[in-house]
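Take the sequences, apply the hints, and build the full model.
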Amino acid sequence: MVDVVFVLLLFFMACAGEKTKEGYFDIGLPSPSAARAEKVSTPIVVDVDALGNIFVNGEQKSTSAKDRELKALEEFLASAAKNSPDDPVIIRPNMEARHERVVDVLNVCRLARVAKLSFG
1 MVDVVFVLLL
11 FFMACAGEKT
21 KEGYFDIGLP
31 SPSAARAEKV
41 STPIVVDVDA
51 LGNIFVNGEQ
61 KSTSAKDREL
71 KALEEFLASA
81 AKNSPDDPVI
91 IRPNMEARHE
101 RVVDVLNVCR
111 LARVAKLSFG
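Each residue of the sequence shown is one higher than the one before, starting from 1 at the first, in this note's numbering.
Among the clues, some could well be false.
Taking lysine-lysine pairs in the DSBU-like style, the calculated list, with each CA pair at most 30 Å apart, reads [what the hints assert, rightly or not]:
#1 Lys-82 <-> Lys-66
#2 Lys-116 <-> Lys-82
#3 Lys-39 <-> Lys-82
#4 Lys-39 <-> Lys-116
#5 Lys-116 <-> Lys-71
#6 Lys-71 <-> Lys-82
Pair ranges (Cβ atoms, derived) [unchecked claim]:
#7 Ser-118 <-> Leu-51: 18 to 28 Å
#8 Asp-67 <-> Leu-117: 13 to 23 Å
#9 Ser-33 <-> His-99: 51 to 61 Å
Hints listed in this document are in silico derivations from the structure and should not be mistaken for laboratory results.
Backbone N, C-alpha and C define an ideal beta-carbon position, used for all residues, glycine too.
Below, the structure is given as structure tokens:
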């Protein structure tokens, strides 16, 4: 029994000596003036309703469902892609919208060179 206690005592003494002490790292941290503010991208939401009308952020961009070229939408997306290319375009078609109209919007996004495109 005494030799078991002696072995445990030796074990704990050996482990206690291995403890590392906290140290001080002398590193140069960046100053607050060196920090850059990250630009927050604002998504452009393109809604396609059941009648085929196109809305961009709530503003109507097409007056007729038969307008396949969507010049107003193309001009808006082209200027937005030129001014802030990191802003994503989110297409939100209505459940009753025709697929043909959604493809028209996709074609306009391609012509306007939209870099980030998703469906919402």
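Hints broken by the structure, by number, lowest first? Of the numbered hints, all hold.
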